[in-house]
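Trainee: Numbering (the working numbering), first residue to last: 25 to 791.
Calculated from the structure, these hints are not laboratory results. Watch out, some of these pointers could steer you wrong.
[Said to hold, decoys possible] Derived lysine to any residue pairs resembling SDA-like cross-links, with alpha carbons at most 25 Å apart:
| no. | residue 1 | residue 2 |
| --- | --- | --- |
| 1 | K658 | A570 |
| 2 | K211 | N137 |
| 3 | K644 | M664 |
| 4 | K236 | E269 |
| 5 | K175 | K236 |
| 6 | K247 | K156 |
| 7 | K297 | D126 |
| 8 | K200 | K156 |
| 9 | K748 | A717 |
| 10 | K118 | N137 |
| 11 | K234 | M210 |
| 12 | K234 | L199 |
| 13 | K247 | K118 |
| 14 | K142 | L161 |
| 15 | K284 | Y110 |
| 16 | K399 | N384 |
| 17 | K472 | K399 |
| 18 | K452 | M492 |
| 19 | K732 | N713 |
| 20 | K234 | Q184 |
| 21 | K197 | Q184 |
| 22 | K167 | N222 |
| 23 | K156 | S100 |
[To be verified] Across the chosen pairs, the derived CB separations fall in these ranges:
| no. | residue 1 | residue 2 | range |
| --- | --- | --- | --- |
| 24 | H474 | K505 | 32 to 40 Å |
| 25 | I334 | K297 | 51 to 59 Å |
| 26 | K297 | K121 | 49 to 57 Å |
Think of the CB as a built atom: it goes at the ideal place given N, C-alpha and C, for glycine as much as any other residue.
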Amino acid sequence: MYKNLSIRFKLILSFSVITLLIVMLSIYSNYSISKSADGFSDYRRIAKNSLIISSLENSMFMMRLSIANFLNLEESKYIDSFNKFYLETESLAKESKANITDPQRIRLIEEINSLLPKYKESFFNVVNLMKKENQILEEQIDKNGKEVDNKLSTFINRNQENGKSDISLQYSKFLKDFLLARIYVMKFIESENEEHYNRVNKEFSNLEEKIKILKTTDSSELKEVLEYLNIYKSAIKEIHTTINERNSIVEGELYKIGPKIGDLSEEMIISIKEDQNALGPKVSELNNNIKSLVSIISIIILVICIFIAIILPRNINNLLNTFQDGLFSFFAYLNRESTKAELINLDSKDEFGQMAKVVNENIVKTQKGIEEDRKLIDETIAVLGEFEQGDLCQRLNLSVSNPALMQLKEVLNNMASNLENNIDNVLKVLEQYSNYNYLNKIDQKGLKEHLLKLASGVNSLGDSITQMLIDNKTNGLTLGKSSSELLLNVDKLNLSSNEAAASLEETAAALEEITSNVRNNTQNIAQMAKLSSEVTKLANDGENFANQTTVAMDEINNQVNLVNEAISIIDNIAFQTNILSLNAAVEAATAGEAGKGFAVVAQEVRNLASRSAEAAQDIKTIVENATIKANQGKSIATNMIGGYKELNHSISQTINLINDIQNASKEQLSGIEQINDAVTQLDRQTQQNASIATQTQDIAIVADEIAKLVVSDVDAKEFVGKDKVKGKDINKNKELNNNQKEKSLDSPFINKKSSKRSEQSDEWENF
C-alpha cells in the first residue's frame, strides 16, 4: 500500500504531522511566555519606579546642596541650580504618582508633592531676606558710616587748623571708637554671633555718651553726627532682625523639610526593593517550569521528525537511485561510452514510475535515430576527407529522418559546387598573369569573406603589377631625358668650379690681413678697460672714506646730545637744590635761634647750587659750539660723497662705452675669422666639386644606357595604358629646385645675423 502512494501524498502527510506538533508547541509556549512576561512586566515596572524614586532622592539632595552653597557663598548661580533641580524633582514626583499603584506609596508621593512648594517658598524667602540684608548693608551702613567718618575727619582738620589741638584730639578719639564699632559690625555680619551684636550696641552706646558729654562750639555738627549714628544703629538693628528671621526659616523649615523628603524617598525605595525581592523568585520558578515542559515537548516532536526524516527520504532515495541508474546508462549511450542503452526498471505507480515509463519510450526512439545519423555522419567524414585532399567533385547521397542533418547535407553539397567554380576562375586568371598578360580580372559578384578577399587580392595583384610597369616605363623615359641634360650641365659645372677656386684663393689672402688688424685693436681696448676699472676702485675708496667721516661726525653729534642731556640734569638738580635751600631757610627762620646755624648751611647750599647752574650753562655753550663745528664737518663730508658719486657715475659710463667697443671688436674679430674659415672651406669644397663633376659625367652615361634598357623591357609586356605612358617633365623639377635655392638664400636666419653684425660695427659694414 505504501508503495502505491504518490510522493506528493507522502510529503503532505509527513509535513502535516510535523506542523500539527509545532502548532501545539507554539500554543503552549505562547501561553507560558505570556505568563512569564506578565511577571517580567511587573518586575520591570517596580524597577522603573525604584529608578524614578532614586532619581527623585538624588535631585532632592542636589537641591539641598544648592541651598547650602547659596547660604555660604550667596552666588546667583546656585539659585539657578536650585530652580533646575526643583523642576526635575517636581517632574519626577508627578511621574512617580502616575506610575505607582500601591496606596501606601501614593500617600508618600502626595506628601512629598505637598512639601515641595513649601520648601521652594521657604528658600526664596531666605533669598529675599539675604538680598534685603545686602541692600541695608550697602545703602545704609556703608553710606552712613562713611558720612560719620568724613564729618569727624573734617572736625579734626578744622580744629587742627584753628589751633584747638585738644578738641581735635577728642574728635580723633571719637573717630577711633567709631571705626572700632564698625569693625565689630562687620564681625557680626560675618559670624552672625549674638555676642558680637551686643558688643556693637555697647560700643555705640559708649560713643554716644562721650559725644553728649563734650560741649563745644561745634554742637550743631555733633548733633548731625548723632543723627547719622542713630540711623546707623537702626540699620544694624534691622540687619539683626533680618538675620534672625532668615535663620529661623533655615533652621525651622529648610533644615526640616529637606531631610523629611529624603526620608520619605528612602522609605519608598525600601518598600519597592521588598516587592522586587518577593517577585524575583516567583518569576524565576515560573521560567524554570516553562523551560522543562517546552524541552520535553520539543524532544517528542524531534523524535517524530527524525523518524519521518529517515523513512521518507530513504524511500525517495531508492526510487531516485533506480531512476538515476537508468538515466546514466542512457547518457552513456548518448556520449558514446556504451553501445547499448538499458531501460529503467521501475514498476511503481507513483511519479517516479510514470517518469520511468516515458523515459523508456524515448530511449527506444532516440536509439533508432542515432543509428541513422551515424551512417550519414560516416559518409560526410569520407567526403570531407576528399575535400581536404583537394578533390571538390565528391557529394553526399544518403537520406535520414533528421531534418537538421538533411539541411547540413544540402549546404555541404552547395558549398563544394561554389568552391569548385570560384577556384577554377582564379586559376584561369593566374595562368594569364604567368604569361605576362595583365588585362583580365576576376568577377567578384556573389562572393563573400575569404573568397571575396581571394578575388580582390588577385585583382589587386594585377593592378599593382600594371602600375609598377607603368612607373618603370615612365621612370625609364624620364631617366633618359635627364641623363642627356645632366651631361651638358656637368660640363658647365667643371668650368665654373675652376674659376671659383681661383677667386676664393685671392679673397682668403685679403681676409687674413684684415683679421690681424682687428685682433690688435681688440687687445688695446681690453687694456683701456683694465685701466678704467682701477680708476673706479680708487673713486670708490674715496667715497668710502667720506662715508666713514660722516658716520664719525654723527657719532660726535650723538655724544654732544648726551652731554647736553647731562647738563640739563645738572641744571635741574641745581634748581631743585636751590628750592630745597629756600625751604631749609624758611624752616630755620621758623625755628628761631635754634635754626640760625642751619640757615647758614642752607645759604651755602644755595650759593653752591647757583655756581653749579652757571658752570652747567658755560659747558652747554661750549658743547653747542662743538655741535656747530661737527655739523659743518658733516656737510663738507656730504659734499665730498656727492662729488665722488658723480665721478663714479662718469667713470661707469666711460667703462660701459669701452665695454661696448670691446664687445663690438670681439664680434668683428669673430666674424672675420668665421668668414676666413668659410672662404677656406668654400675653396676646398669648390675643388671637390670639380672632381665630383668629372665622376658625375661618367655616371650620367651609364644612367642613360640603363634607362633605354628599362623601356625596352617594359614594352615587351601586355598591360593597360602601355601606349599612353610618357616621360616626366624635367623643367618643372628645375623650377621647384630653383625656388628652393632662392628660399634658402633669403632665409631669415642669414639676414638677421648679418643685420645684427652691421648694427654693432659701422666700420665692418664700410669694409
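Trainee: Indicate, hint by hint, whether the structure satisfies it.
Mentor: Evaluation of the provided hints:
1. A C-alpha spacing of about 9 Å is found between K658 and A570, which places the hinted pair at or below 25 Å, so the restraint holds.
2. Of the supplied pair hints, the one linking K211 and N137 is violated, its CA atoms being roughly 40 Å apart against a limit of 25 Å.
3. At roughly 30 Å between alpha-carbon atoms, K644 and M664 are farther apart than 25 Å, so this suggested pair is violated.
4. With a C-alpha separation of about 34 Å, the suggested pair K236 and E269 falls outside the 25 Å cut-off, and the hint is violated.
5. For a cut-off of 25 Å, the pair hint linking K175 to K236 stands: about 16 Å separates their Cα positions.
6. For a cut-off of 25 Å, the pair hint linking K247 to K156 is broken: about 29 Å separates their Cα positions.
7. The suggested pairing of K297 with D126 holds, with an alpha-carbon distance near 13 Å, which does not exceed 25 Å.
8. Restraint check for K200 and K156: the C-alpha separation of about 29 Å exceeds 25 Å, so the hint is violated.
9. Pair hint K748 plus A717 does not hold up; C-alpha atoms about 35 Å apart against a cutoff of 25 Å.
10. Restraint check for K118 and N137: satisfied, since their Cα atoms lie roughly 8 Å apart, inside the 25 Å limit.
11. Annotation: proposed proximity of K234 to M210 holds, straight-line Cα distance about 23 Å (limit 25 Å).
12. In summary, the hint linking K234 to L199 is supported, as the alpha carbons are separated by about 12 Å, within the 25 Å threshold.
13. For the hint linking K247 to K118, the alpha-carbon distance of about 63 Å lies beyond 25 Å, and the restraint is violated.
14. About 29 Å separates the Cα atoms of K142 and L161, which puts this hinted pair outside 25 Å; it is violated.
15. As the CA atoms of K284 and Y110 are separated by approximately 16 Å, the hinted pair is consistent with the 25 Å bound.
16. With a C-alpha separation of about 24 Å, the suggested pair K399 and N384 falls inside the 25 Å cut-off, and the hint holds.
17. At roughly 32 Å between alpha-carbon atoms, K472 and K399 are farther apart than 25 Å, so this suggested pair is violated.
18. Restraint check for K452 and M492: satisfied, since their Cα atoms lie roughly 22 Å apart, inside the 25 Å limit.
19. Between K732 and N713 the CA atoms are separated by roughly 28 Å; this puts the pair beyond 25 Å, and the hint is violated.
20. For the proposed pair K234 and Q184, the alpha carbon gap of about 20 Å is at most 25 Å, so the pair holds.
21. Our distance criterion of 25 Å between C-alpha atoms is met by K197 and Q184, whose separation comes to about 14 Å.
22. A distance of roughly 22 Å separates the Cα atoms of K167 and N222; the hinted pair therefore holds under the 25 Å criterion.
23. A threshold of 25 Å between alpha carbons decides the hint, and for K156 with S100 the separation of about 15 Å falls inside it, so the pair holds.
24. As the Cβ distance of H474 to K505 is approximately 46 Å, the hint placing it in 32 to 40 Å is violated.
25. Evaluation of the 51 to 59 Å hint for I334 and K297 yields a pass: the beta carbon distance comes to about 55 Å.
26. The given range of 49 to 57 Å is broken by K297 and K121, whose C-beta atoms sit roughly 20 Å from each other.
Hint check: violations occur at hints 2, 3, 4, 6, 8, 9, 13, 14, 17, 19, 24, 26; the rest are consistent with the structure.
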